Amino acid sequence: MPQVQFEKIVKSYGRVTVLKNLDLEIGDGEFVVLLGPSGCGKTTLLNLLAGLIDVSSGRIQIGGRDVTNLDPKDRGLAMVFQSYALYPTKTVRGNLKFGLAAAKLDKAEQDRRIAWAAKLLQIEPLLDRKPAQLSGGQRQRVAIGRALVKQVGVFLFDEPLSNLDAKLRTETRLEIKRLHDETQSTIVYVTHDQIEAMTMATRIAIMNAGVIQQFDTPDEVYERPANLFVAGFIGAPAMNLFPATISTAGGSVSGTLVDTRAKVDLSQYRFVNAPRDGDAVVLGFRPEHFLPPNAPNGQAAAHFDLPVQYTEKTGADATGYFKTDSGLMAVSVAPERIGELKQGQTASLSFPHGKLHAFDAASGRRL
Amino acid sequence: MTTVAESSLQHVRSVDEPVAFPAQKKRIKPASIAILVFLTICALFFCVPLYVIVVTSLKSMDQIRQGDIFALPWSLNFDAWVTAWDKSCSGTLCQGVKVGFFNSLAILFPSLILSIGLSCVTGYALALWNVRWANTFLFILFMCAFVPFQIIMVPLIYITGFLHVYGTIWGIAVVHAVLAMPILALIFRNYYKGIPQEIMSAALMDSGSFWRIFSEIILPMSGNIMIVVLILQITSIWNDFLIGLTYGGIGTQPMTVILANVVITALGEANYNVDMASALLTAFPPLVIYFVLGRFFVQGITAGAIKG
Numbered sequence: 038m039p040q041v042q043f044e045k046i047v048k049s050y051g052r053v054t055v056l057k058n059l060d061l062e063i064g065d066g067e068f069v070v071l072l073g074p075s076g077c078g079k080t081t082l083l084n085l086l087a088g089l090i091d092v093s094s095g096r097i098q099i100g101g102r103d104v105t106n107l108d109p110k111d112r113g114l115a116m117v118f119q120s121y122a123l124y125p126t127k128t129v130r131g132n133l134k135f136g137l138a139a140a141k142l143d144k145a146e147q148d149r150r151i152a153w154a155a156k157l158l159q160i161e162p163l164l165d166r167k168p169a170q171l172s173g174g175q176r177q178r179v180a181i182g183r184a185l186v187k188q189v190g191v192f193l194f195d196e197p198l199s200n201l202d203a204k205l206r207t208e209t210r211l212e213i214k215r216l217h218d219e220t221q222s223t224i225v226y227v228t229h230d231q232i233e234a235m236t237m238a239t240r241i242a243i244m245n246a247g248v249i250q251q252f253d254t255p256d257e258v259y260e261r262p263a264n265l266f267v268a269g270f271i272g273a274p275a276m277n278l279f280p281a282t283i284s285t286a287g288g289s290v291s292g293t294l295v296d297t298r299a300k301v302d303l304s305q306y307r308f309v310n311a312p313r314d315g316d317a318v319v320l321g322f323r324p325e326h327f328l329p330p331n332a333p334n335g336q337a338a339a340h341f342d343l344p345v346q347y348t349e350k351t352g353a354d355a356t357g358y359f360k361t362d363s364g365l366m367a368v369s370v371a372p373e374r375i376g377e378l379k380q381g382q383t384a385s386l387s388f389p390h391g392k393l394h395a396f397d398a399a400s401g402r403r404l
Numbered sequence: 002m003t004t005v006a007e008s009s010l011q012h013v014r015s016v017d018e019p020v021a022f023p024a025q026k027k028r029i030k031p032a033s034i035a036i037l038v039f040l041t042i043c044a045l046f047f048c049v050p051l052y053v054i055v056v057t058s059l060k061s062m063d064q065i066r067q068g069d070i071f072a073l074p075w076s077l078n079f080d081a082w083v084t085a086w087d088k089s090c091s092g093t094l095c096q097g098v099k100v101g102f103f104n105s106l107a108i109l110f111p112s113l114i115l116s117i118g119l120s121c122v123t124g125y126a127l128a129l130w131n132v133r134w135a136n137t138f139l140f141i142l143f144m145c146a147f148v149p150f151q152i153i154m155v156p157l158i159y160i161t162g163f164l165h166v167y168g169t170i171w172g173i174a175v176v177h178a179v180l181a182m183p184i185l186a187l188i189f190r191n192y193y194k195g196i197p198q199e200i201m202s203a204a205l206m207d208s209g210s211f212w213r214i215f216s217e218i219i220l221p222m223s224g225n226i227m228i229v230v231l232i233l234q235i236t237s238i239w240n241d242f243l244i245g246l247t248y249g250g251i252g253t254q255p256m257t258v259i260l261a262n263v264v265i266t267a268l269g270e271a272n273y274n275v276d277m278a279s280a281l282l283t284a285f286p287p288l289v290i291y292f293v294l295g296r297f298f299v300q301g302i303t304a305g306a307i308k309g
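Chains as they are written, first to last, in this note's numbering: chain A, 38 to 404; chain B, 2 to 309.
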């Protein structure tokens, strides 16, 4: 039985519809990340689940119980907010305690839970401090602790790491992952950071314009993006997408890029729906799947001879950008070889079979 | 133009002081002189009457009769102050303004509790809860803040009479609360709007109880604005004359009303020294409040967003 279930959810503000007939089922113990660009409706969806805003129509169930019209406190949820939202006049202990006291738990149980959460999050020495006396990372732990002590079935996280610096973000990411493994609770986590989504989620729901584009495991989302939006959104640098025309001449399927007229061999591509001759498609090439530049390879699905536009190095990774007639082709290059690419010089790029992505140009759907 | 004027001035000065190093004097600009003069006049406008009041209250009637109101007292004597506090007559009752002082205190506390209590809960509800018609209500409050008291004075007499509080301390407190409520509710509402929405969301998920969230989360965060409102209210309640005169009965008249009686209804010769001393005694408490809480007042009105 799903732990959280959204049924035909519509949310509109006046004439603006934020969520359009959305369905989503989240299983018990899952770590689901709602991922999408700003304004895609992911935070709205989380707030609807929390009960902080009301649905326009549709039904929300938690643990088999219809909670659509329940108050936030009666839904059996706990939430961690982006700005931590700690009560500034209460000590850390007071922050953890407030929800427990409101739920009328007996004193001993309150203390037991606070001690448990404080130990788990290593905030025991901070219990008698005020939020203003804590660092950003410590506040984040307290905010997580305030949710944990409630020991509910579903935990909600609203971009909890976006106010932390890069190092702390990595640490806290691992921490949240560890907490999920230890407590085996259901987590719904909103972020716009795909690294967080890819590393923590058991499943990712990628949203755009109020619609869930794909809801699948991180591997599946990366390897088999369901449509053009997902293909372009997941991966950094982003997937190279080029329009092409299908030709089935001579019995084998191939595509010709509109841009460079380069021919792409699609004979080994496993189409869901076989395309017909002359179909307009979009072909996707992930930068990291290119064979090394100038490597001799006869088995590749496509070859490009393109001049270098510029290169980028970010420590462990390096990317070369090659000029096509109407855009750029990003290619990941081993950092120690990036120096070999001189601007204006033409390099031979090959793309292997089996890593190609093809989408219908009109609907954007994966072929 | 200015450079020409400056250089010619420089020249004149160098003739006056034929020293090798021209003095780096800070010149006062005409504009700032104008401002200084204006401010001085403003200060005198308040200080001269105050000086006369203080000086007169310390004089004997013999000296006052000579008519030189700016003269310093011949000898320092506080007889007039003692009389004002203890023996001056309001009507036929000659127990001094201390009667009014204690009446005013008795009016002050219920009025403060009622007006601040009512408006801070209203402001909290309007700012942080989904109240139906909240904006309409706000607009009405806003309009009410501009209704002159005199317009609703007579109806309020009937209402307080109907509620059986007319002429009592609670009657005065109710009227103070009603009159202060629009503006105070707006002040509180704007302050509470500055509290981050997420804190309220967290509290809603933790507790959801209107009063629990108010007393445990919101009220402790209201220190600054409470000081501001306290000063505003203490001053306006203490200085009020019309409400006290209209709704106060015998024995519940505030100090301002007693003061007016002392000054207006003296028999025979007007005791200016006693009048002045009474006035100073009446004006004293708000001054003390300003001096004690003034620092917090500035903090309160300049306090920005509350960071979590």
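Warning: the hint list may mix true and false statements.
[As the list claims (entries may be wrong)] Calculated from the model, a selection of chain A residues having no Cβ within reach of chain B, i.e. all distances over 12 Å: (1) 84; (2) 88; (3) 91; (4) 119; (5) 120; (6) 132; (7) 134; (8) 148; (9) 216; (10) 221; (11) 263; (12) 286.
[To be verified] Now the stretches of chain B that chain A is said to cover, found in silico as 3 or more residues with beta-carbon under 8 Å: (13) 149–162; (14) 216–228.
These aren't lab readings, by the way, just hints derived from the structure by calculation.
In this text, all values refer to a predicted model and were calculated from it rather than measured experimentally.
No residue lacks a Cβ here, since even glycine has one placed at the ideal position from N, Cα and C.
Q | Given as non-interface: residue 119 of chain A, which should sit over 12 Å from chain B by C-beta | A | Residue 119 of chain A not clear of chain B: closest Cβ-Cβ about 7 Å, inside 12 Å.
Q) If you look at each residue in the region 216–228 of chain B, do at least three have a Cβ nearer than 8 Å to any Cβ of chain A? A) As far as the region 216–228 of chain B goes, the hint holds, because 4 residues have Cβ atoms under 8 Å from chain A.
Q. For residue 263 of chain A, which was marked as not at the interface, is the minimum beta-carbon distance to chain B over 12 Å?
A. At about 33 Å from chain B, residue 263 of chain A clears the 12 Å cut-off, so the statement holds.
Q) So is residue 148 of chain A really clear of chain B, every C-beta pair being over 12 Å apart? A) Nearest chain B Cβ is 17 Å from residue 148 of chain A, so the label holds.
Q) Are all beta-carbon distances from residue 132 of chain A to chain B longer than 12 Å? A) 9 Å, violated
Q) Minimum Cβ separation between residue 84 of chain A and chain B greater than 12 Å? A) 8 Å, violated
Q.
Is the claim that residue 221 of chain A lies outside the interface with chain B correct, judged by CB distances over 12 Å?
A. The claim holds: residue 221 of chain A sits with its nearest Cβ about 22 Å from chain B, beyond 12 Å.
Q. Taking C-beta pairs only, is residue 216 of chain A more than 12 Å away from all of chain B?
A. 19 Å, holds
Q: Hey, is residue 134 of chain A genuinely clear of chain B, shortest beta carbon separation above 12 Å?
A: Residue 134 of chain A is in fact no farther than 12 Å from some Cβ atom of chain B, at 10 Å.
Q | Distal placement of residue 286 of chain A relative to chain B, Cβ over 12 Å | A | 60 Å, holds
Q: Report holds if the minimum CB distance from residue 88 of chain A to chain B is greater than 12 Å, and violated otherwise.
A: 8 Å, violated
**Q.** Verdict on chain A covering the region 149–162 of chain B, criterion of 3 CB contacts below 8 Å
**A.** violated (count 0)
Hints 1, 2, 3, 4, 5, 6, 7, 13, counting from the list given before, are not met by this structure.
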